[in-house]
Amino acid sequence: MTPPPVPPAVAEALSRHPPAIAARLAEIRADIFRAAEAEGAAPVAESLAWGEPSYRLASPPRGAAIRLGRVRAAPDACAVLFHCRTTLIEGFRRDFAGLFRFEGTRALILPAEGPWPRVPLGLCLRAALTYRP
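In UniProt numbering, the protein residues as written are 1 to 133.
Rather than coming from a laboratory, the hints here were simulated on the basis of the structure.
Since this is a predicted model, take the numbers as computed values, not measurements.
Fair warning: there could be bad hints in the mix.
Claimed, not checked - Have a look at the derived ranges for each label pair, beta carbon to beta carbon:
no.	residue 1	residue 2	range
1	G98	S59	36 to 44 Å
2	P8	R94	34 to 42 Å
3	G114	A30	17 to 25 Å
Note that beta-carbon positions come from the ideal geometry of N, C-alpha and C, so glycine has one too.
Work the whole structure out from these sequences, hints included.
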């Protein structure tokens with residue numbers, strides 16, 4: 001699946017990052033749309049939340065929001081952020097120990113360059129898009 005064109009506000013938010021981080025976040029963005037399609041899910045709503053690209057299933061809104069950005073603890077890496085009151089990161093730590101770095105209960109940290117666990121990340125994205133408390 002080819003993801004839809006990047007909305008101007010999201011493109012501007014991505015452009016604020018260093019080029020390697022912006023490129024990796026754009027790859028993750030595409031993976032979010034692929035994950036939604038793999039789930040046979042409703043269209044993905046794309047917007048900004050706290051100035052960062054944010055994704056959630058639309059119509060009706062469901063699942064957990066996924067944000068893309070960086071965190072202070074890893075400024076040279078990419079962060080995939082989830083609502084801290086979900087059990088998503090707890091489950092990802094259990095299921096993917098050693099594959100990802102994590103920050104607290106809200107972020108999965110990925111390298112901006114080089115190899116990265118794309119298939120496991122896709123499973124994490126699918127879990128977030130279909131999350132039910």
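Here's how the hints hold up against the structure:
1. With their beta carbons about 37 Å apart, G98 and S59 fall inside the hinted range of 36 to 44 Å.
2. Remark: the range hint 34 to 42 Å for P8 to R94 is upheld by a beta-carbon distance near 39 Å.
3. Hint check: G114 to A30, Cβ distance near 18 Å, so the stated range 17 to 25 Å holds.
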